[in-house]
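Since chain A is already given, all that's left is putting chain B on it; use the hints.
Number of protein chains: 2
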Amino acid sequence: MNIAVLGTGMVGRAIAGRLGQLGHTVTIGTRDPDATLARTDSDGMGNPSYPAWAAEHPAIRLATFSDAAADSELIVNATNGSASLDVLTLAGAEHLAGKVVVDIANPLDFSHGMPPTLFVKDTDSLGEQIQRTFPLSRVVKTLNTLNANLMVHPDGLPEATSVFVSGNDEDAKATVTAILAEFGHTDVIDLGDITSARGTEMLLPVWLRLMGALGTPTFNFKIVR
Amino acid sequence: MNIAVLGTGMVGRAIAGRLGQLGHTVTIGTRDPDATLARTDSDGMGNPSYPAWAAEHPAIRLATFSDAAADSELIVNATNGSASLDVLTLAGAEHLAGKVVVDIANPLDFSHGMPPTLFVKDTDSLGEQIQRTFPLSRVVKTLNTLNANLMVHPDGLPEATSVFVSGNDEDAKATVTAILAEFGHTDVIDLGDITSARGTEMLLPVWLRLMGALGTPTFNFKIVR
Chain A
54 MNIAVLGTGM VGRAIAGRLG QLGHTVTIGT RDPDATLART DSDGMGNPSY PAWAAEHPAI
114 RLATFSDAAA DSELIVNATN GSASLDVLTL AGAEHLAGKV VVDIANPLDF SHGMPPTLFV
174 KDTDSLGEQI QRTFPLSRVV KTLNTLNANL MVHPDGLPEA TSVFVSGNDE DAKATVTAIL
234 AEFGHTDVID LGDITSARGT EMLLPVWLRL MGALGTPTFN FKIVR
Chain B
54 MNIAVLGTGM VGRAIAGRLG QLGHTVTIGT RDPDATLART DSDGMGNPSY PAWAAEHPAI
114 RLATFSDAAA DSELIVNATN GSASLDVLTL AGAEHLAGKV VVDIANPLDF SHGMPPTLFV
174 KDTDSLGEQI QRTFPLSRVV KTLNTLNANL MVHPDGLPEA TSVFVSGNDE DAKATVTAIL
234 AEFGHTDVID LGDITSARGT EMLLPVWLRL MGALGTPTFN FKIVR
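Line by line, the protein sequences give chains A and B.
Converting from the first sequence to my numbering requires adding 53 to each position, the first position being numbered 1.
Converting from the second sequence to my numbering requires adding 53 to each position, the first position being numbered 1.
In isolation and in its complexed conformation, chain A is listed as follows:
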């Protein structure tokens, strides 16, 4: 499948790299490809600069948000939650129309210090904001409840865990569930329409406390029933 991954950070790289490894044609979208390719800085968390990462992933193309979305059948929003609506607008509503938009961002607000709060919650969600802003796209919220590496390599944990999908379009959720299965997820729970993204986005506060308590981001929720 031709897939655009919007965002050059850890999450975007993890998703893009894994999709490429699985045989998909992947284009990473960024605001200004020349600027991204000129970066020499790491991100302060030990991750390489984008060009250093790209050199190890020669099959993955870099393009503007708009060009990446235009050429793809499915678009992954792997940007910061606070930038997501702007980035998707740059990608172009006409390039998102009719397509599956996989939203894995979280509406984290760091402006009041740590731990972050949520800039939308409880009566609305980022997933719903994206669906309302791009009504012709088919938004599926997923993978926002675990660490980037575990999103695409769930076998990094000692047993199978759970991930969730939320969205209004059943075919879109089936497409996304198939990709999640390619990643190795064996327990994908369909929570219902896009309003159920409120639930998974509101998992972030306990996820952040768990990371602190356990001293690692390498954990996930398993829904035992």
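Hints were generated in silico from the structure; no laboratory data involved.
Even glycine gets a Cβ: it sits at the ideal position worked out from N, Cα and C.
Do not take every clue at face value.
[To be verified] Lysine to aspartate or glutamate pairs mimicking EDC-like chemistry, simulated, CA-CA at most 20 Å apart:
| # | chain 1 | residue 1 | chain 2 | residue 2 |
| --- | --- | --- | --- | --- |
| 1 | B | 152 | B | 222 |
| 2 | A | 152 | A | 223 |
| 3 | A | 275 | B | 212 |
| 4 | B | 275 | B | 212 |
| 5 | A | 152 | A | 109 |
| 6 | A | 275 | B | 240 |
| 7 | B | 275 | B | 235 |
| 8 | B | 275 | A | 243 |
| 9 | B | 275 | A | 208 |
| 10 | A | 275 | A | 240 |
| 11 | B | 152 | B | 223 |
| 12 | B | 152 | B | 126 |
| 13 | B | 275 | A | 212 |
| 14 | A | 152 | A | 240 |
| 15 | A | 275 | A | 235 |
| 16 | B | 152 | B | 124 |
| 17 | B | 275 | B | 240 |
| 18 | A | 275 | A | 243 |
| 19 | A | 275 | B | 243 |
| 20 | A | 275 | A | 212 |
| 21 | B | 275 | A | 240 |
| 22 | A | 152 | A | 212 |
| 23 | A | 275 | B | 96 |
| 24 | A | 152 | A | 224 |
[Stated by the list, open to error] Residues from chain A that keep clear of chain B, each with C-beta distances beyond 12 Å, as calculated:
| # | residue |
| --- | --- |
| 25 | 67 |
| 26 | 74 |
| 27 | 84 |
| 28 | 104 |
| 29 | 119 |
| 30 | 126 |
| 31 | 146 |
[Stated by the list, open to error] Simulated DEER-style distance windows between Cβ atoms:
| # | chain 1 | residue 1 | chain 2 | residue 2 | range |
| --- | --- | --- | --- | --- | --- |
| 32 | B | 98 | A | 162 | 37 to 43 Å |
| 33 | B | 151 | A | 223 | 51 to 57 Å |
| 34 | B | 167 | A | 143 | 52 to 58 Å |
| 35 | A | 162 | B | 246 | 17 to 23 Å |
| 36 | A | 76 | B | 278 | 28 to 34 Å |
| 37 | A | 246 | B | 269 | 17 to 23 Å |
Same frame as chain A, now just chain B:
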């Protein structure tokens, strides 16, 4: 241990019954014991009236909130979240002072229809409201993330799952963790101070969606790491 359980609903009964079975001396607190003992109605969810339940649990005493709290070493808040501060005020700050107050309520707001929203969240929590209102008590938030029956019989699931404690007092959390172990919980995760109750209270929206998606309240989160 002498324990007061405030609340005569399903959660209060589950906790009180199990504590009694484990050998604790339990008093259930209610607003008006005579009125509670005069009830003949079931709750519309197939649960017996309070007198019918009490007849099967003769060792468990019924008293006013105040009398129940006065005579106990540890108090469990098993009321509806919207009533919790009022009920604890009726119990009496002087009867809560110095004692462990186990808060298992959720700040659910049903006034806008289903699914309920949360009347406090993200930058504050019901657990914190209780701790601020009764600064001499030692509040521990726990057990608000699973069904009443599973709170006290976690072996009702096919494998061990996780529960959480949040609170400012380490000794109080140790006391509560010991009671959770008596119930059968083998993975009690200390999330930190009472502000971490924000995380577990914000789990409710996804819990409610999961109950809908799975068609049962008999499930729980296991933190796999």
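Against the structure, the hints:
no.	hint	result
1	B:152 x B:222	holds, 11 Å
2	A:152 x A:223	holds, 13 Å
3	A:275 x B:212	holds, 11 Å
4	B:275 x B:212	holds, 9 Å
5	A:152 x A:109	violated, 29 Å
6	A:275 x B:240	holds, 13 Å
7	B:275 x B:235	holds, 19 Å
8	B:275 x A:243	holds, 18 Å
9	B:275 x A:208	holds, 16 Å
10	A:275 x A:240	holds, 9 Å
11	B:152 x B:223	holds, 13 Å
12	B:152 x B:126	holds, 6 Å
13	B:275 x A:212	holds, 11 Å
14	A:152 x A:240	violated, 24 Å
15	A:275 x A:235	holds, 19 Å
16	B:152 x B:124	holds, 11 Å
17	B:275 x B:240	holds, 9 Å
18	A:275 x A:243	holds, 14 Å
19	A:275 x B:243	holds, 18 Å
20	A:275 x A:212	holds, 9 Å
21	B:275 x A:240	holds, 13 Å
22	A:152 x A:212	violated, 33 Å
23	A:275 x B:96	violated, 32 Å
24	A:152 x A:224	holds, 11 Å
25	67	holds, 19 Å
26	74	holds, 24 Å
27	84	holds, 30 Å
28	104	holds, 34 Å
29	119	holds, 34 Å
30	126	holds, 27 Å
31	146	holds, 29 Å
32	B:98 x A:162: 37 to 43 Å	holds, 38 Å
33	B:151 x A:223: 51 to 57 Å	holds, 56 Å
34	B:167 x A:143: 52 to 58 Å	violated, 37 Å
35	A:162 x B:246: 17 to 23 Å	holds, 21 Å
36	A:76 x B:278: 28 to 34 Å	holds, 31 Å
37	A:246 x B:269: 17 to 23 Å	holds, 20 Å
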